[in-house]
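One line per chain: the protein sequences are E and B, in this order. Taking our numbering, the leading residue of the first sequence gets 576, the next gets one more, and so forth. Taking our numbering, the leading residue of the second sequence gets 576, the next gets one more, and so forth.
Any given hint might turn out to be false.
No copy labels: a pair is met if it fits in one copy or bridges any two.
Computed list of lysine to any residue pairs in SDA-like fashion (alpha-carbon distance at most 25 Å, straight line) [unchecked claim]: (1) Lys821 x Ala670; (2) Lys821 x Ser583; (3) Lys669 x Asp796; (4) Lys821 x Ala886; (5) Lys821 x Ser585; (6) Lys970 x Leu823; (7) Lys669 x Ala626; (8) Lys699 x Pro601; (9) Lys1002 x Phe756; (10) Lys698 x Glu643; (11) Lys859 x Asn977.
By construction, these hints were calculated from the structure, which means they are not laboratory data. These figures come from a predicted structure and were not determined experimentally.
Protein chains: 2
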Amino acid sequence: MANRVNLSESEMPRQWYNVLPDLPVPLAPPLDPQTHKPVEPQVLSAIFPMALIEQEMSAQRFIDIPDEVLQILGLWRPTPLVRARRLEAAIGSKAAIWYKDESRSPAGSHKPNTAVPQAYYNKKAGIRRLATETGAGQWGTALSFACKMFDMACTVYMVRVSYEHKPYRGILIRAYGAEVFPSPSDRTRFGRSMLASDPTSSGSLGVAISEAVEDAATHNDTNYALGSVLNHVLLHQTITGLETRKQLAMLGIQPDVLIGCVGGGSNFAGLVLPFVPDKLEGKKIRFLGIEPHACPTLTRGEFRYDYGDVARLTPLIKMHTLGHGFMPAPIHAGGLRYHGDAPILCHLVHHGLAEAKAYYQTEVFEAARLFLQTEGFLPAPETAHAIKGAIDAAKAAEPGQNVVFLYSGHGLLDLSSYDAFLRGELKDFAYPEESIKEALKACPDIKGD
Amino acid sequence: MANRVNLSESEMPRQWYNVLPDLPVPLAPPLDPQTHKPVEPQVLSAIFPMALIEQEMSAQRFIDIPDEVLQILGLWRPTPLVRARRLEAAIGSKAAIWYKDESRSPAGSHKPNTAVPQAYYNKKAGIRRLATETGAGQWGTALSFACKMFDMACTVYMVRVSYEHKPYRGILIRAYGAEVFPSPSDRTRFGRSMLASDPTSSGSLGVAISEAVEDAATHNDTNYALGSVLNHVLLHQTITGLETRKQLAMLGIQPDVLIGCVGGGSNFAGLVLPFVPDKLEGKKIRFLGIEPHACPTLTRGEFRYDYGDVARLTPLIKMHTLGHGFMPAPIHAGGLRYHGDAPILCHLVHHGLAEAKAYYQTEVFEAARLFLQTEGFLPAPETAHAIKGAIDAAKAAEPGQNVVFLYSGHGLLDLSSYDAFLRGELKDFAYPEESIKEALKACPDIKGD
């Protein structure tokens, strides 16, 4: 009985899977915030290289992964698919629980899967520096690593509350040779305006995105990189689902439920998208995204056009949103605190191809502790959401079924959060219907398709 | 060209390799601190189970690994052997550099390789709790993990300076369900006596060992566990060398230099001991141990009988020692701050089968940064010593030679040390000849063989 499935280097996927041409209903296009017409590719070229803009809109099902990218991904990929037998035993599961271990990357999460190609395509386009935001720090670490691999500079705007609570992240980012600033910062016009109105602002992902986009838009040698949400990010993350599909096939296993946590949606989508064709062919596979009650985008948001950031610099995208001004409660899974979600993922949920479920952080940390004390490894608070979802799915499953979740990252730089949990200091957050409705009023009044 | 060699689960070694019967000159026995006669096994049984005492003195070349131990080791083993091509390129090496990656265990180092069997044999002997010391925290984390796997309690005495500088380690230990106290503590007679004479004592490994041994000796249901030095610890660590030997054979490669950092000596010995028979058969393989100038046991210590701890509770063991009262400078590689070394390793060095080399911490952190910025992964400060050794060995090697080092652990819980390095705040330490001589005066006056 296998406990772990390794792929050899030669079995690493050579192409990403692009779901766009396989979607039964086409994706609603991003809109220009001024004209409300579909965004022209050249508008995006102020902050993205053409290769990524093409991937964003590609109609090709499979897209080659450049050799230079494969070489860097090969520093840790392929990643193993692992059977969590001791966890199964602890919860009395008659279903098998498998996890795809993306914590083994240099940055400790799935994020380098897209950071590496993004750095590569920008380098190739003559860009010298990338600017980005980071919440809990996973994405900032990943992009710092990727930029160093291609000898590029990197500037990270880190949500101030995380910057202060997780100092180790900043040190690691600097050790890779990147620069990191707490956001709101005095480095951008938008950051200065935020500080002027509230000098003690603890920041948010939406604010940090605005700063990074402004930095990129105002410097010729600098582009912007986003760690989730966009189509090309999800495309790059399909390498995890493609590997998982191979690994399950090697075991002769058909998955019954695929699970991931959802912040912007890229790790969950990376796992499930390569199984969309199977599902469309009639195979019974549930796609289950897990989010926090403190930021219930898929479970309580509205599916409509909204801005991606607080400063309204981004195109309008059609997604489940809580309103671009929504300020999620300060839970410890900082990577899940985003008011929207990836359009592709929202599209799947809207059309009934994927489901979502929300949990409170206390029960999520309980699940993390159980995983730690049975399987031995410390998950990131974000990842712990997927674990909680997998535990409940396994308990509800038929004997012999297979629950597969994406283990998106380790929690070794989140130990202050575990300290709060062990001391019994975690608070759970939910919102009354009224406050959700209020936040949604900020969305622009645009009809979808 | 392979970059990584994975073994399948079925290729994991089923036996440990015991070097004792293969040593050309027999090892000097541990002596009773009162009588100066060889220690009787039953004396050790106050703090160790008989199964481990038997392994300590076994004449069997191969010893079966119990199934229950293999199952837990299987949570992360076998570990990969990785080619560091980008590091090679950065230093212009014409030799190949390989590393055996022991950072992938739950505790993040090689330490669980022995923590798991130690917990298992104690559990089988009816022991309810294990007590131990930890310096940088790697061993305390590993034993906490191992005890949880066998539903045992665990008490960790952590050197106070590390406890305060590395709070994340303590949180992780507690998350595994263990208890952890800064040492010297008020939990033991010896700890209280230390605090009485110096209430602000920052502690040392020697002091923490004394506390853990006292705890075990004064509680019937409690035994002591040591993370290095002892023969049975090195025995358990041979699983890394046995795997490496298989992996190199799969590549058709004969190693030219095997390298590891040396604190107590267990990770280095685990790598090299399975190659001792090759060396005795005449194959040219260098064994190179790397230690800090701030604790130069193998390079400047004397090979003689000494105590393992400050309180003189342990048997006398013949080893390279700086004197049991030696207080190493507060370098960041806390795991290398021990006044002695494993008797087996010292024996190899004394008889010319192994060599040692010392480095300053600034050059070691420079090597760590180069590794991080080329291979992507953050090494522990201890591991960085091996990296520095490997870089210099590769530079000096003939084209086509193979340098193999043990990547003993990650540095994700040591980021405060990297912060000090990046800020230029690291100090280098060395000792004048006189101070070494002075510290050695504390050794008991016993002739060796």
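Identical-chain pair category, lysine 821 with alanine 886, by Cα at 25 Å
neither (42 Å within a copy, 57 Å between copies)
I want to check one pair: lysine 821 and alanine 670. Are their C-alpha atoms no more than 25 Å apart within a copy, between two copies, both, or neither?
within (20 Å within a copy, 35 Å between copies)
If the cut is 25 Å between Cα atoms, do lysine 970 and leucine 823 qualify within a copy, between copies, both or neither?
Cα proximity of lysine 970 and leucine 823: one copy only (21 Å, versus 43 Å across).
Alpha-carbon proximity between lysine 821 and serine 583, which holds within one copy, between copies, both or neither at 25 Å
Close inside one copy (11 Å) and across copies (17 Å); limit 25 Å.
Homomeric proximity label, lysine 699 with proline 601: Cα distance no greater than 25 Å
neither (31 Å within a copy, 62 Å between copies)
With identical chains, the pair lysine 821 and serine 585 could be close in the same copy or across copies; at 25 Å between alpha carbons, which is it: within, between, both, or neither?
both (12 Å within a copy, 20 Å between copies)
With 25 Å as the alpha-carbon cut-off, assign the pair lysine 698 and glutamate 643 to within, between, both or neither.
Only inside one copy: lysine 698 and glutamate 643 sit 11 Å apart there, 50 Å across copies, limit 25 Å.
Please sort lysine 669 with alanine 626 into within, between, both or neither, judging by C-alpha distance up to 25 Å.
neither (46 Å within a copy, 36 Å between copies)
Taking 25 Å as the upper bound on the Cα-Cα distance, should lysine 1002 and phenylalanine 756 be classified as within, between, both, or neither?
Neither: 28 Å inside a copy, 28 Å across copies.
Please work out whether the CA atoms of lysine 859 and asparagine 977 approach to 25 Å or closer within one copy, between two copies, in both situations, or in neither?
Only inside one copy: lysine 859 and asparagine 977 sit 12 Å apart there, 50 Å across copies, limit 25 Å.
Evaluate lysine 669 and aspartate 796 at a C-alpha cut-off of 25 Å and name the case that applies: within, between, both or neither.
neither (56 Å within a copy, 36 Å between copies)
In this structure, the earlier hints numbered 3, 4, 7, 8, 9 are contradicted, and the remaining ones agree with it.
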